[in-house]
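Participant: The primary structure of each chain is shown beneath.
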Amino acid sequence: MTAASADTPPLDRDTRVVVSRDAVSAELERETVILGMHDGVYYGLDPVGTRIWQLAASPTTLGAIADALVAEYDVEAARAWEDLVALARDLIAAGLLERAAAE
Amino acid sequence: MYEIDDYLAMIEDGVRTPAYLEAMSRTIRPGDRVLELGTGFGFFAVHACRLGASHVVAVEPNDAIAHARAVAVANGCADRITFVQGFAEALALAERADALVEDLRGVSPLHGARLAVLRDAKARLLVHGARRVPQVDELLVAPSELPRDLCRLGHGAPTRIHGIDVAPARAVLRGTIHRTRAEPSDLLADGLPWVRLDLGSLPPGDPEGAVEFGITRPGTLAGFVSWFSTLLAPGVGFDSSPTGRRTVYGQGFLPMERPVGVRAGDVVRVRLRTRCDGADYIWAWDVEVWSRSGRIERQRGSNLLSRAMSAARRARRAAAHVPPRTASIERMLRLLGLVDGARSLDAIAEEVRAADPSLFPTSSQALRWAGEHLARLDEGPIL
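Same order as they appear, the protein sequences are chains A and B. Residue numbers for the first sequence follow the working numbering, so the first one is 45 and each next one is one higher. Residue numbers for the second sequence follow the working numbering, so the first one is 8 and each next one is one higher.
There could be a bad hint or two in this list.
[Unchecked claim] Here's a subset of chain A near chain B, in silico, CB distances under 7 Å, partners left out:
{"#": "1", "residue": "VAL68"}
{"#": "2", "residue": "ALA70"}
{"#": "3", "residue": "LEU72"}
{"#": "4", "residue": "VAL77"}
{"#": "5", "residue": "LEU79"}
{"#": "6", "residue": "MET81"}
{"#": "7", "residue": "GLY84"}
Think of the hints as simulated: they come from the structure by calculation, not from any bench. These numbers come from a predicted model, not from an experiment. Just so it is clear, CB atoms sit at the ideal spot from N, CA and C, and this is done for glycine as well.
Sequences and hints are given; from them, build the entire structure.
Facilitator: Okay, here's the thing in structure tokens:
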């Protein structure tokens with residue numbers, strides 16, 4: 045499965061991502077507060093977003109994250125992928141998630 | 008907030024105050040209009056008068072300023088000092104000042120919104136080329152073992168107290184910058200500067216920097232001790248180093264998530280970034296530890312956790328949040344609607360009480376509620 049827009053390269057299962065070094069985060073009450081040190085903007089992640097953030101702490105593929113979400117939550121693979129890509133796209137645009145180099 | 012005792016401790020500091028007094032004597036000229044930010048109870052404002060200042064505007068948000076006029080009277084210069092309780096950002100001056108005196112630091116020069124306040128003062132309140140005390144602050148760090156007065160940060164600290172698991176609360180300690188009085192023996196290398204702040208020409212943005220240390224002895228890297236060095240005037244300054252004379256400032260401690268054993272010759276690299284959120288600074292420190300065989304550790308720390316609001320408070324401040332018209336909001340709207348420039352606070356309070364008799368059974372309760380809320384709007388910017 046792939047997802048693409050006119051502005052960004054496509055995100056697919058093999059796309060490697062990692063939390064940006066510009067992002068400082070703290071978990072609180074099962075949610076995550078993120079501060080972009082490059083722009084001073086705060087972001088918040090709900091518990092599922094928090095789990096995605098935890099999985100991206102080290103370089104990993106979007107496919108691996110999606111598989112983990114399907115295994116850990118009661119969610120269909122297509123829905124998990126759709127929600128993951130939407131969040132990943134937002135976090136990449138905000139400079140909080142980066143595409144990681146290939147292994 | 009500081010108490011009078013805190014201000015007296017600052018004035019009685021045997022390093023800070025003599026240096027400030029000497030620097031002011033080299034900076035302030037007879038006839039100067041002087042602006043002092045953070046005057047406390049007016050000590051430096053009085054000294055500015057002794058040096059011949061024609062007028063001093065001394066600003067302080069804390070109630071300590073209530074005692075400043077008495078200090079000025081006792082020293083015969085009350086006619087030359089205007090004390091203003093509030094924040095500098097709300098201050099307007101008929102004439103710009105020739106000289107600025109301030110010590111808005113806390114443990115660190117990056118305290119509150121100090122740099123934003125200094126930029127604003129330069130733009131609005133000071134003449135071009137105004138003289139100032141201090142002139143330059145330099146921030147330093149050193150890799151360190153855990154200072155003795157922070158033993159509760161140690162990984163050996165109990166996670167159960169009287170049978171109650173407090174581990175989630177202890178975890179916050181590792182997301183906090185702590186105040187400490189470190190000993191020279193705590194340090195694993197000499198301190199190095201990571202940023203220099205020219206206070207008269209601060210660039211936009213927030214301070215950041217990176218340093219590399221060669222570890223000088225074996226030990227356990229628990230974090231970084233942080234302090235500053237200041238140039239108040241040419242030839243006059245001091246520092247708050249753990250290896251120097253003790254000062255009222257103490258030092259800061261930036262903890263590692265996990266302690267790391269290090270040996271002499273290991274290299275520790277730290278990148279420090281800061282971001283002012285309007286009220287205070289968020290710090291992030293990225294640490295790498297290298298031995299001769301390669302990188303042995305990489306960690307990130309920050310004080311974000313200690314400043315993170317609860318989810319409910321964050322949600323109420325989110326851009327997409329639609330504030331409901333709760334009873335509290337209705338009450339506040341009614342209060343603001345009563346302010347017409349003619350009604351006294353007493354009359355306003357009576358209207359407030361009549362509208363909510365169950366919440367305000369007495370006139371004094373209504374007066375206290377109305378007075379506090381209106382005064383807060385009037386006494387300075389909401390950060």
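Participant: Identify every previously stated hint that the structure contradicts and give their numbers, smallest first.
Facilitator: Violated: none.
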